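Protein sequences, first through last, are from chains A and B.
Per UniProt numbering, the first sequence starts with residue 1, numbered consecutively.
Per UniProt numbering, the second sequence starts with residue 1, numbered consecutively.
A hint or two may mislead.
Derived CB-CB ranges, DEER-like [as the list claims (entries may be wrong)]: (1) A:Thr99 with B:Thr99: 35 to 41 angstroms; (2) A:Ser55 with B:Ser6: 18 to 24 angstroms; (3) A:Val95 with B:Ser68: 24 to 30 angstroms; (4) A:Lys13 with B:Lys75: 29 to 35 angstroms.
What the hints contain is simulated information worked out from the structure, not anything from laboratory work.
Predicted model only: the values in this text are computed from it and were never measured.
Even glycine gets a Cβ: it sits at the ideal position worked out from N, Cα and C.
There are 2 protein chains.
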Amino acid sequence: MGELSSEVRALLKSDGELIATIAQDIHTKEILMLAWSTSDSLAQTIATGRATYWSRSRNEIWVKGETSGNLQFVKTIFVDCDGDALVFTVDQIGVACHTGEKTCFHREILLTGIEEK
Amino acid sequence: MGELSSEVRALLKSDGELIATIAQDIHTKEILMLAWSTSDSLAQTIATGRATYWSRSRNEIWVKGETSGNLQFVKTIFVDCDGDALVFTVDQIGVACHTGEKTCFHREILLTGIEEK
């Protein structure tokens with residue numbers, strides 16, 4: 001799937017570390033999910049335009065929505081000042097969460113308790 | 001600083017694990033930074049309404065903006081489906097990034113290269 005350019009590589013903190021990656025809906029600005037990137041999965045995201053992550057539980061690269069059809073088309077990528085976090089703004093097909101909710105962040109913690117959104 | 005209620009605790013994946021925490025500007029919906037919470041720092045955030053994180057480099061709890069004055073007043077907290085990531089929507093005083101930029105995510109990775117925002 002190719003490799004990251006040296007320019008992009010220079011922005012990242014370290015090659016081996018997992019990079020926390022936030023997917024944000026480009027239309028609503030809603031935060032959809034938090035997942036993990038590696039150098040290889042990021043290279044694949046850049047090459048294909050489809051959000052591709054590293055699964056910590058399965059220890060493998062996965063294309064978001066490959067099975068469910070709920071793909072994320074990546075429109076912009078931003079890296080943070082430390083080089084260990086990314087934001088993908090995405091055009092989300094269907095929903096982001098495996099529960100069927102639009103976003104994985106659908107449970108609210110109130111100052112005084114818990115409430116479903 | 002008190003402890004998390006059993007209700008909130010039940011929403012989290014594990015007590016010992018660091019919880020990736022996204023700060024989002026409540027007004028602009030811009031993603032400001034990614035930091036880390038623990039049970040204790042989250043309890044402090046809930047109790048004080050000021051975004052409080054765990055510093056992985058200093059191994060201590062820190063109140064965002066305590067030194068710089070760039071506090072974050074937390075308006076809502078959402079937890080994800082896995083219980084290992086949080087979103088704080090915040091009223092950001094000043095800027096979020098130590099570089100002086102509004103957001104830590106100010107460097108763009110283009111499909112074909114890099115561009116300052």
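So, going through the hints one by one against the coordinates:
1. At about 37 angstroms, the CB distance of threonine 99 of chain A to threonine 99 of chain B agrees with the hint of 35 to 41 angstroms.
2. Against the hinted window of 18 to 24 angstroms, the Cβ-Cβ separation of serine 55 of chain A and serine 6 of chain B comes to about 31 angstroms, which falls outside the hint.
3. Under the hint 24 to 30 angstroms, the C-beta atoms of valine 95 of chain A and serine 68 of chain B, about 38 angstroms apart, miss the expected range.
4. Here the CB-CB span from lysine 13 of chain A to lysine 75 of chain B is close to 30 angstroms, well matched to the stated 29 to 35 angstroms.
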